[in-house]
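Let the hints inform the model, and build the full structure from the sequences given.
If you're matching them up, the sequences are chains A and B in order. Going by my numbering, 328 is the number at position 332 of the first sequence; the sequence numbering is gapless. Whatever position you read off the second sequence (first residue = 1), add 21 for my numbering.
If you're looking for bench data, these hints aren't it; they were derived computationally from the structure. Ideal placement from N, C-alpha and C gives every residue a C-beta, glycine not left out. One should not assume that every hint holds.
Stated by the list, open to error - Pairs of lysine-lysine, DSSO-like flavour, derived with a Cα cap of 30 Å:
no.: 1; chain 1: B; residue 1: K134; chain 2: A; residue 2: K64
no.: 2; chain 1: B; residue 1: K352; chain 2: A; residue 2: K480
no.: 3; chain 1: A; residue 1: K343; chain 2: B; residue 2: K134
no.: 4; chain 1: A; residue 1: K423; chain 2: B; residue 2: K134
no.: 5; chain 1: A; residue 1: K407; chain 2: B; residue 2: K585
no.: 6; chain 1: A; residue 1: K537; chain 2: A; residue 2: K576
no.: 7; chain 1: B; residue 1: K184; chain 2: A; residue 2: K815
no.: 8; chain 1: A; residue 1: K422; chain 2: B; residue 2: K423
no.: 9; chain 1: A; residue 1: K811; chain 2: B; residue 2: K186
Claimed, not checked - If you anchor each label on the Cβ, the simulated ranges turn out as follows:
no.: 10; chain 1: B; residue 1: T350; chain 2: A; residue 2: S320; range: 38 to 46 Å
no.: 11; chain 1: A; residue 1: L381; chain 2: B; residue 2: L596; range: 44 to 52 Å
no.: 12; chain 1: B; residue 1: D314; chain 2: A; residue 2: I87; range: 48 to 56 Å
no.: 13; chain 1: A; residue 1: T472; chain 2: B; residue 2: V545; range: 27 to 35 Å
no.: 14; chain 1: B; residue 1: D495; chain 2: A; residue 2: D378; range: 37 to 45 Å
no.: 15; chain 1: B; residue 1: G344; chain 2: A; residue 2: N565; range: 53 to 61 Å
no.: 16; chain 1: A; residue 1: H314; chain 2: B; residue 2: E421; range: 36 to 44 Å
no.: 17; chain 1: B; residue 1: V542; chain 2: A; residue 2: D474; range: 23 to 31 Å
no.: 18; chain 1: B; residue 1: R241; chain 2: A; residue 2: K422; range: 53 to 61 Å
What the hints assert, rightly or not - Pulled from the structure, derived: some chain B residues nowhere near chain A, Cβ distances all over 12 Å:
no.: 19; residue: E63
no.: 20; residue: V215
no.: 21; residue: H224
no.: 22; residue: R273
no.: 23; residue: V282
no.: 24; residue: P331
no.: 25; residue: C362
no.: 26; residue: T505
no.: 27; residue: L516
no.: 28; residue: E529
no.: 29; residue: S540
no.: 30; residue: S560
no.: 31; residue: V600
As a plain string of letters, each chain reads:
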Amino acid sequence: MVEEESLRVVRCGGSELNFRRAVFSADSKYVFCVSGDFIKVYSTATEECVHILQGHRNLVTGIQLNPKNHLQLYSCSFDGTIKLWDYTDGILIKTFIVGCKLHALFTLACAEDSVFVIINKEKPDVFQLVSVKLPKSSSQEIEAKELSFVLDYINQSPKCIAFGNEGEYVAAVRDFYLSVYFFKKKTTSRFTLSSSRNKKHAKNNFTCVACHPKEDCIATGHRDGKIRLWRNFDDEKKYTYTCLHWHHDLVMDLAFSVTGSSLLSGGRESVLVEWREAAEKNKEFLPRLGATIEHISVSPAGDLFCTSHSDNKMIIIHRNLEASAVIQGLVKDRNIFTGLMIDPRTKALVLNGKPGHLQFYSLQSDKQLYNLDIIQQEYINDYGLIQIELTKAAFGCYGNWLATVEQRQEKETELELQMKLWTYNKKTQGFVLNTKVNMPHEDHITALCFCNAEKSENPTLVTTSKDGHFKVWILTDDSDIYKKAVGWTCDFVGSYHKYQATNCCFSEDGSLLAVSFEEIVTIWDSETWELKCTFCQRAGKIRHLCFGRLTCSKYLLGATENGILCCWNLLSCALEWSAKLNVRVMEPDPNSENIAAISQSSMGSDLFVFRPSEPRPLYIQKNISREEVQWGVFVPRDVPESFTSEAYQWLNRSQFYFLTKSQSLLTFSTQSPEEKLTPTSKQLLAEETLPTTPFYFILGKHRQQQQDDKLNEALKNELVQLPLTENIPAISELLHTPAHVLPSASFLCSMFVNSLLLSKETKSAEEIPDDVSMEEEKESIDSDEENNFTEEVQDTNNTDLGKDIIHQLSKSEEKELRKFRKVDYSWITAL
Amino acid sequence: MAAGGGGVADPFSPAGVPCAFSPQSQAYFALASTDGHLRVWETASNRLHQEYVPSAHLSGTCTCLAWAPARLQAKEGPQRKKRKSEAIGTSNQVDLLALGTAVGSILLYSTVKGELHSKLISGGHDNKVNCIQWHQDNGCLYSCSDDKHIVEWNTQMCKVKCKWKGDNSSVSSLCISPDGKMLLSAGRTIKLWVLETKEVYRHFTGHATPVSSLMFTTLRPPNESQPFDGITGLYFLSGAVHDRLLNVWQVRSENKEKNAVMSFTVTDEPVYINLTLSENKEEPVKLAVVCRDGQVHLFEHILNGYCKKPLTSNCTIQIATPGKGKKSTPKPVPILAAGFCSDKMSLLLVYGNWFQPTIERVALNSKEPHMCLVRDISICWAPKVETAITKVRTPVMNSEAKVLVPGIPGHHAAIKPAPPQTEEIESKRKLGEKEVSIEERLGALDIDAKKEKDTLPQTNSFPVLLTQGLESNDFEMLNKVLQTRNLNLIKRTVLRMPLHAVIPLLQELTKRLQGHPNSAVIMVQWLKCVLTIHASYLSTLPDLVPQLGTLYQLMESRVKTFQKLSHLHGKLILLITQVTASEKTKGSTCPAQKAKLVYEEESSEEESDDEIADKDSDDNWDEDEEEKGGEKDEDVDEEEEEDAEEKDEENGEDRDVASEKELNGDSDLDPENESEEE
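So this is what it looks like as structure tokens:
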């Protein structure tokens, strides 16, 4: 059923939302943010993604509303183009080709036909602010090469540029300099922080700048947490500044409210600070926002703020400092230690989330479901603090058990380890801590694995550690006379010649446990915990270990650090085959025998899908990612696909997701891009027709009636016939195209007026440019003159019945028809 | 999929509140409660997604609702050469929700934008809208009303496309055929309309009360021999107000049969019906019917022709509160709606109250005819405003959780008695053969001790109290004795206590050591005394290692930080106390205790040397023992001293035996034998 195109790697959500400041639409209904090559349009009310604007070929670096038409949006990108979008329908209107990498974009209401961009000149670290003239043209792609230089030696971040006082000046900061360029005087003033000369206070470099919208006032943020408010800066000597200090760490972003009455600032403290009237006393706080505030933006209507955070989320905040919505992508703040897992209960992807949390991410809806607070300690966001890390997690017994390991290591010898075993309580529909184990091992835990065999009566967990032991934990009955309880206890401790235990894995039926000790793989009987046999290939430490499944359950696979993939036969206890492959990720498919391995080479990462029974891979996809792939997981499909071609059969029952080092989540898709794009045109487009207010019912109807009456009168009084507006192409075009995609009114005006003019000789065909409109005009005039004829036509049009019925009119019906004749239908023509 | 609607006052209106799962993946659950609010819940996280109050919610309450078919949205575009990954994929975004109101208007609400999208009024109904159905392909909307009409809407233009009289009474329910060319309507009778011409194709009669739900159950006719015209042979299902039977009808080629083919019986009026369409002949139809009494009935049936007897459900699901304690009895929790997930193997259940329902995914793998789920809805993840913003769930961490710290049993594998294969070695040593088991011996001692007790003049002396406390496990008695801080008193008590109480005492001490660190300080004093004074006795016990394994692990983990120092300390103390003890005991003799069986073992200096040398050769062991048996005249002091040394070695041996369980022999117990004696 699915057309089998070639398999492509596609990004599946979780893209970055916090790269640049978010931008609000004029009515605050939507908020825009850049996300990789795309611009996403979110609804501020529902947190849903309404549109994705796609068209840029490289990272989008800036977006701004079109100051002349607030239904349009400008965007710039590394691909050297500025694009103009209609965001309500998600349509690309125009592309301006600039040619060089654009790092940021600014628009000004007063600067006609030009926008400001940051470009990179020659040297890699020298950036310039230039203004680009956007030529007027009706074509889709326009070259915009007319650049005029504004400011030199600036920072590439758009946070370090701000336009103030309705575009009278632009302020830019870099290192210890604040430069202000006045457009009218065309002069630049430059201010240097006094302390930049003595190295003692070298921490006060500028980090961001914001300009007061109405007054001559510039706010700058500094690395030491101070905010300086500059005034009188048109005079290089008499300038003054005042200091606001609350942040203890660098000020990440600043924003003035629309009226300029308050200033917003944020930083690593995850607290949004509102300074009222720019006074140190009048502060309001919105604390506990969860992660470092990276950007702050304010809606043009002034009712909403938006903060972008380092954990890939945006918070929409009301004017009264109440968070109203959270747009949360896949949390990407930190390292992923736990790998990718699937929660058997919710089918959600589970991995490290906020610090100390596990995040549950729905792949279907590309939305975070929730964060599960495992560590349950207040997170103090400060540089250099050593935090408790959630390092391992595993689900067991169909999601009834969750094991987590957290660690904190301040010094070499001071390792703090804790393992928690959570049970899913069906009554309360949530996880409840069952057993907490302090220092389960004396050294780092390297692997954690539940025995997930179907018939295993007793839940079993194995932990391996660098201290050379592996421990088997079982669930036992801890009931006493006071309560019924179950708890986990250690059942067995195993070791092998004091080697570090690195991996563990249960066979599918749970009868065997494989534990790797550096280069050696040991097989244990899970009934008696006897050592059954050992495999050693002397090919480096074992990095991954897994048993084959279903028909291949007699095989054991191990991937070593020296780039050898070994397959042992458990019946013959011999090496079945080995291959040279530098495996980074090895994941068995829970629904089939297939195993996916991702290898890393200098060229990129390659995917191999194979069965343990034969050394020849089923499927190879080269170069799935240029980055290193860190984790992968097979996600069972709810509804199996039916690929018939052999190469894609491995995707029938499960889908493979993988996570790269930069934490983009990717997967494979066979559908062609076109196929995916077409549905937008097919989508259900229901027109928005809303009586806007209750007044409409009263006034709107009334006015309509009035108009009708007037028209009728006018038609009766004078027989001068206006051409039917619907029939003139120029007018219908004008009325039916969305206003924001039309050319300027001055351009249309003459055309419009011309079309309305009545030529003296309407009958002379030469004077009327458009034949069609003339004919129609004739028709309408005809119809007016021959009333009887029109009536008949109307009648037949109005009834759904065919002509046969008309011929058999009864007498009564004829009477009725006569009545119709008396009624004046001329107004119909005016519709 | 929406099951009916309902004005409250009307006795012939269906029960329940209009609600529906979103199409495709059931990501959302929309519910229009009687207070006029529309709430949309996320099924996966059970979180309130949005709430909308129509401006006319008091006059025109929502009577029915229906999700528009999912539209496809290109989520992210194709990727370019330069950046390696591209874009995915379409996800099916559900957006529009159609709401029918009591005054006859139809609202289209956009769940993506969170605002009213459009209003269908002009030319529509002038009475309560009873049912809305979206056409799956062309974006048309069909609605029926109490004004007896069926209206076809063009949602693009928000205009009436066609309006026709559906019945002589109010039309209560609609359903569109799988191929989209026919429409079922239910008024007084069930009619099948051809959508193109709006002509009646078939009539079906059978329900006495208004039909509240209509649904097609099959996509293909059961016998594939005849060519399929899109409708003939299909089955559909109908449920009616106050009717405990759901009827199944088949669209036949000719008008011969107008009655229901078969029926399903449930316990109460159906409120919400959901089913999985069967796509081929072999696949059974799975049907979930939520009844007014709050139960869900599941049916699984292959539709194939006529069946006289009403079928009963394969499985019934009920939900109840746990009913904690004796007073509160479990109360049933009503199920509000149930929908099959796309994998057809699990069911989404909505239960609780209408204003804050709980949504849970339940796997349907059990064969049991009755499932009662116990759920405590009071402490469920309540969708509080806070969690709605932060999306953080805090799992419960209460004091009932078991805590394992190093040294507590369960943290490390228990030291178990030697596995059976080591018995051979033991029997060679002939320890087990010669001796009465320790249990028997202790039993014998017990009797003796009791006799002794009677004769003792002073019943509250510490040794007696201790023994009695240990025997009866009396907490207060033990506290009285064990909480003393007087070192001399401790020593004397330990000295005078009966031997059989030593092991119970050690176990009691171990338990107390695991407790609060303050009490452990005193317990250590006791432990020290017991181990030094009764070292000889302890060394004679063959199963010492398993019996005191926990104590050993505990001590090991507690002294781990200063391992070497404490080893040295332990050794020195042992030496010193042995010396002083031997001096003291010369003066004050140990109180005589009658043992049932006396086995004396004596050895000379040379012998202990021999023993070390002979460790490996079992043959010599017998000789040694004979020698030992011969020398019986040594005095008590000497015996004690030497036994203490000997014990170290024996202990070592025992351990070896035990640790053979750890197959690799590198038992970490070996190096720290002495620590046990500290």
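Hint check results:
Restraint check for B:K134 and A:K64: satisfied, since their Cα atoms lie roughly 25 Å apart, inside the 30 Å limit. In summary, the hint linking B:K352 to A:K480 is supported, as the alpha carbons are separated by about 23 Å, within the 30 Å threshold. Taken as a hint, the A:K343 and B:K134 pair is honoured in the structure, with Cα atoms around 27 Å apart against an allowance of 30 Å. Among the hinted pairs, A:K423 with B:K134 is inconsistent with the structure: their alpha-carbon atoms are about 35 Å apart, more than 30 Å.
With a C-alpha separation of about 22 Å, the suggested pairing of A:K407 with B:K585 holds against the 30 Å cut-off. As the CA atoms of A:K537 and A:K576 are separated by approximately 15 Å, the hinted pair is consistent with the 30 Å bound. About 26 Å separates the Cα atoms of B:K184 and A:K815, which keeps this hinted pair within 30 Å; it holds. Proximity of A:K422 to B:K423 is assessed by CA-CA distance (about 19 Å); at most 30 Å being required, the pair is judged to hold.
For the proposed pair A:K811 and B:K186, the alpha carbon gap of about 27 Å is at most 30 Å, so the pair holds. At roughly 42 Å, the beta-carbon separation of B:T350 and A:S320 lies within the given 38 to 46 Å, and the hint holds. Taking the beta carbon of each, A:L381 and B:L596 are about 49 Å apart, inside 44 to 52 Å as hinted. Under the hint 48 to 56 Å, the C-beta atoms of B:D314 and A:I87, about 53 Å apart, fit the expected range.
Restraint check, A:T472 to B:V545: a C-beta distance of roughly 29 Å satisfies the suggested window 27 to 35 Å. Distance hint check: the CB atoms of B:D495 and A:D378 are about 54 Å apart, inconsistent with the given range 37 to 45 Å. Range check, B:G344 to A:N565: about 55 Å between beta-carbon atoms, so the 53 to 61 Å window is met. At roughly 41 Å, the beta carbons of A:H314 and B:E421 sit within the given window of 36 to 44 Å.
At roughly 28 Å, the beta-carbon separation of B:V542 and A:D474 lies within the given 23 to 31 Å, and the hint holds. Separated by about 38 Å at the C-beta atoms, B:R241 and A:K422 break the suggested range of 53 to 61 Å. With a least beta-carbon separation of about 8 Å from chain A, B:E63 fails to lie farther than 12 Å from that chain, contradicting its non-interface assignment. Distance check for B:V215 against chain A: the nearest CB is about 16 Å away, which clears 12 Å, and the non-interface claim stands.
Annotated as non-interface, B:H224 keeps its C-beta farther than 12 Å from every C-beta of chain A; the closest such distance is 24 Å. At the 12 Å boundary, the C-beta of B:R273 stays outside the reach of chain A, the nearest C-beta of that chain being 31 Å off. Remark: the non-interface label on B:V282 is consistent with the geometry, its nearest Cβ contact in chain A lying 29 Å away (cut-off 12 Å). Even its closest Cβ contact with chain A, about 32 Å, leaves B:P331 beyond 12 Å, as expected for a residue assigned away from the interface.
Residue-level check failed: B:C362 sits 7 Å from the nearest beta carbon of chain A, not beyond 12 Å. At roughly 29 Å from the closest C-beta of chain A, the C-beta of B:T505 stays outside 12 Å, upholding its exclusion from the interface. Consistency note on B:L516: stated as away from chain A, and its beta-carbon is indeed over 12 Å from all of that chain's, at 34 Å minimum. B:E529, annotated as away from the interface, keeps every beta carbon of chain A farther than 12 Å; the closest lies near 17 Å.
Listed as outside the interface, B:S540 is consistent with that label: its C-beta sits roughly 20 Å from the nearest C-beta of chain A, beyond the 12 Å cut-off. No Cβ of chain A approaches the Cβ of B:S560 within 12 Å, the least distance being about 26 Å, so the stated non-interface status holds. The Cβ of B:V600 sits about 37 Å from the closest Cβ of chain A, beyond the 12 Å cut-off, so the non-interface label holds.
Violated hints for the displayed structure, listed by number in ascending order: 4, 14, 18, 19, 25.
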